[in-house]
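2 protein chains.
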Amino acid sequence: MTAAKPNPYAAKPGDYLSNVNNFQLIDSTLREGEQFANAFFDTEKKIEIAKALDDFGVDYIELTSPVASEQSKKDCEAICKLGLKAKILTHIRCHMDDARVAVETGVDGVDVVIGTSKFLRQYSHGKDMNYIAKSAVEVIEFVKSKGIEIRFSSEDSFRSDLVDLLNIYKTVDKIGVNRVGIADTVGCANPRQVYELIRTLKSVVSCDIECHFHNDTGCAIANAYTALEGGARLIDVSVLGIGERNGITPLGGLMARMIVAAPEYVKSKYKLHKIRDIENLVADAVEVNIPFNNPITGFCAFTHKAGIHAKAILANPSTYEILDPQDFGMKRYIHFANRLTGWNAIKARVDQLNLNLTDSQVKEITAKIKKLGDVRALNIDDVDSIIKNFHAEVTTPQLQSARKNKQEDSDVPALNSVPAAKRAKPTV
Amino acid sequence: MTAAKPNPYAAKPGDYLSNVNNFQLIDSTLREGEQFANAFFDTEKKIEIAKALDDFGVDYIELTSPVASEQSKKDCEAICKLGLKAKILTHIRCHMDDARVAVETGVDGVDVVIGTSKFLRQYSHGKDMNYIAKSAVEVIEFVKSKGIEIRFSSEDSFRSDLVDLLNIYKTVDKIGVNRVGIADTVGCANPRQVYELIRTLKSVVSCDIECHFHNDTGCAIANAYTALEGGARLIDVSVLGIGERNGITPLGGLMARMIVAAPEYVKSKYKLHKIRDIENLVADAVEVNIPFNNPITGFCAFTHKAGIHAKAILANPSTYEILDPQDFGMKRYIHFANRLTGWNAIKARVDQLNLNLTDSQVKEITAKIKKLGDVRALNIDDVDSIIKNFHAEVTTPQLQSARKNKQEDSDVPALNSVPAAKRAKPTV
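Which chain is which? The protein sequence lines are A and B, in order. Numbered according to the UniProt record's numbering, the first sequence terminates at residue 428, and the numbering increases by one at each position without gaps. Numbered according to the UniProt record's numbering, the second sequence terminates at residue 428, and the numbering increases by one at each position without gaps.
Just so you know, these hints were derived from the structure itself, not from any lab. The model shown is predicted, which means the values in this text are computed figures rather than measured ones. Treat each hint with caution, since some may be false.
Claimed, not checked - Where chain B lies over chain A, by a calculated footprint (3+ residues, C-beta under 8 Å):
1) 27-37
2) 186-194
3) 197-209
4) 247-256
Claimed, not checked - Below, in silico cross-link-like pairs of lysine-lysine (DSSO-like), each with a Cα-Cα straight-line distance of 30 Å or less:
5) A:LYS81 x B:LYS134
6) B:LYS170 x A:LYS363
7) B:LYS134 x A:LYS368
8) B:LYS51 x A:LYS371
9) B:LYS45 x A:LYS371
10) A:LYS45 x B:LYS170
11) A:LYS74 x B:LYS363
12) A:LYS371 x B:LYS74
13) A:LYS368 x B:LYS363
14) B:LYS371 x A:LYS51
15) A:LYS368 x B:LYS118
16) A:LYS363 x B:LYS269
17) B:LYS45 x A:LYS127
18) A:LYS363 x B:LYS51
19) B:LYS144 x A:LYS118
20) A:LYS81 x B:LYS371
21) B:LYS371 x A:LYS363
22) B:LYS81 x A:LYS267
23) A:LYS74 x B:LYS371
Even for Gly, the Cβ is constructed at its ideal location relative to N, Cα and C.
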């Protein structure tokens, strides 16, 4: 209710609302992620993923409904018995049949969902808002009676009627749910729309707000961030964003966003250097490659190429980096073997090769490299050969010495190299 | 200046400002994209890409600076001679040496950029704001004197001093630039911050505003959209978003976002069914795979899996789709060969196989499929075998008929199939 004060000189609502420094993660790799086209997790793999997520530090782990299949129920029970720090949730339809099974699995909480858009009311369950409210109250009171957490969420919230939404959320908040959920089930929402809806909802309910954003139009990370600004507290993520269609807010991508806004909070709470391992674990399990342009772990996320960028990065990495690769156990690369290179990048390579050349000599070498780079793609050996040949010419006319340099090639650490294109693990 | 009226009851600035229905695209695959780690485009490939972009309908094509290398200059001249509908731009440092070369290439316009953040002023060019303004005026007047378009952009705008920014933009706007540019060079900006800056800038300059967003923290599409809401007119994109580090706003992803907001404008202006071909062209050229979760063209972007989703999609695709795959020449898939499947999806497959079974029979089959799906990953043949065996048992006890069905397998179009994981083109 803090946002409703009419005094225009008071602090802005955003000053009270933001949870950017106080958010929680609900990882849904083992629920939403199971709905990814390629996903089939056996029990062992589910346990491995759950343990990795727990180690990383997610606050909640959400599992597929125990009524989805017999094995889904057994897996849910098995994961509840692992004794993880993360709370275990399962995700069910707003129906007593599902709720009765869910509460017996040993979960710490139940996430209930029902479609509230006109599309889903007409073509999915066919129920009206009164029916939805009645079912919701019944299921919520039942789950609460078992002493575990309960979240009530609408589905396709951004295409639902605002008054319908606020009515049902107000009702379930009064009964005492732990969280209400806003879900952009089709991935249509945009950030300012998200901010408005969350801020409005925040003035209606006193419980926490959880958000779930699909990525069909590429806004799932930005929407999650903006939801936190508007007062949401919990964000649904999955590893690499896997889920229905092209998925939801990815765990790694959201960490990239959040560390910029709340570095101390994020670094103290989550083991960021584990992101790469967790992504590889899940990518292998569902047989996909890490996208080349993935935040943080994409093969070129910390590769700097244009001469003007390389120059400044060498002087101070903050010039062209908002993320520090070290925070994620990653490394920075300066790509100098190309026609866009500049003499500062080449000078850094000359220093790395432990050679001694003047600036004007380095500029001369750079011109040679750019000339070859105009003809074809270069690799590091090409550049090193040009540098070493030049060095041999200007310093020691004896061929002996030039040869000696060549033999030392293997001793030079390729710290500044760009990795080969991570294109493919050839599998069927 | 429309936004500056003091009447609090007047229409909101946003009502005047939005260019969501009136935006333009500057494709920078051949400039920013050349700065992608893997990119080496020879002349032929550059021309092929430029022609494809022109055919798609981008408004501008931006090319690498002609001073980057000798071949870059020749390629720039060659592309200017193609007679494309798109206007050709080249991108240079704010320096007369660069400008003199650029205006001789035959381009329709020059994009000038200079670092304005304290980081870049200290570690890149080392100049103060007075020097920047002086250089800018000189370069702009020179380019204008040649009768071609000129854009002035700051670099790392979101970490630059606001007053410095507004001062320089006001200055260059008065001289008469065609556009000013805001660049999130390090990918740090968030949507509400973008909206505020663009809206403020809009009240200071009368020329168009162009935006350039890097994707380090996953917000490049959302920031572009929000910039248009705030009054920006032009967005820099590249195919698949390729660029420095993990790149910028991707062409395809932005189209997914924009078609939701401005369907008529987008469909009338851009050949959306060409996105897949253009992405494949560029992906092949830079040796990357299309990310599995790419908007529109990711292999699962239109794949529906959970039973509850499949049911509703079969009744009305709008239930779980904000994008119509047909708009992009793509197809929808219902993934029914898994343990999360439901009887509506299986019934659709039964119909597709031209078999006749009651609902309760289909439910019985669905239970069998879910049971097998609990044990292992399924493929379409597994499901079809279960369906056909069941059908054979309940309708024609003769083995003859069951065998006949099997022979007809190859005639059944696998319309509802999910494609195999598009994991890898095995290359070096």
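Evaluation of the provided hints:
1. 27-37: holds (count 4)
2. 186-194: holds (count 6)
3. 197-209: This one is violated; 0 residues, fewer than the three required, reach chain B with a Cβ under 8 Å.
4. 247-256: Satisfied; 5 residues make the cut.
5. A:LYS81 x B:LYS134: violated, 69 Å
6. B:LYS170 x A:LYS363: violated, 38 Å
7. B:LYS134 x A:LYS368: Violated, at about 33 Å.
8. B:LYS51 x A:LYS371: With a Cα-Cα distance of about 26 Å, the restraint between B:LYS51 and A:LYS371 holds, given a limit of 30 Å.
9. B:LYS45 x A:LYS371: Roughly 19 Å separates the two Cα atoms, so the pair holds.
10. A:LYS45 x B:LYS170: Distance of about 59 Å is beyond 30 Å: violated.
11. A:LYS74 x B:LYS363: holds, 22 Å
12. A:LYS371 x B:LYS74: holds, 13 Å
13. A:LYS368 x B:LYS363: With a Cα-Cα distance of about 72 Å, the restraint between A:LYS368 and B:LYS363 is violated, given a limit of 30 Å.
14. B:LYS371 x A:LYS51: Satisfied, since the Cα-Cα distance of roughly 26 Å is no more than 30 Å.
15. A:LYS368 x B:LYS118: violated, 33 Å
16. A:LYS363 x B:LYS269: violated, 46 Å
17. B:LYS45 x A:LYS127: violated, 56 Å
18. A:LYS363 x B:LYS51: violated, 35 Å
19. B:LYS144 x A:LYS118: Cα-Cα ~55 Å, so violated.
20. A:LYS81 x B:LYS371: holds, 24 Å
21. B:LYS371 x A:LYS363: Violated - the C-alpha atoms of A:LYS363 and B:LYS371 are around 69 Å apart, more than 30 Å.
22. B:LYS81 x A:LYS267: violated, 53 Å
23. A:LYS74 x B:LYS371: holds, 13 Å
The structure does not agree with the numbered hints 3, 5, 6, 7, 10, 13, 15, 16, 17, 18, 19, 21, 22 stated previously, though it agrees with the rest.
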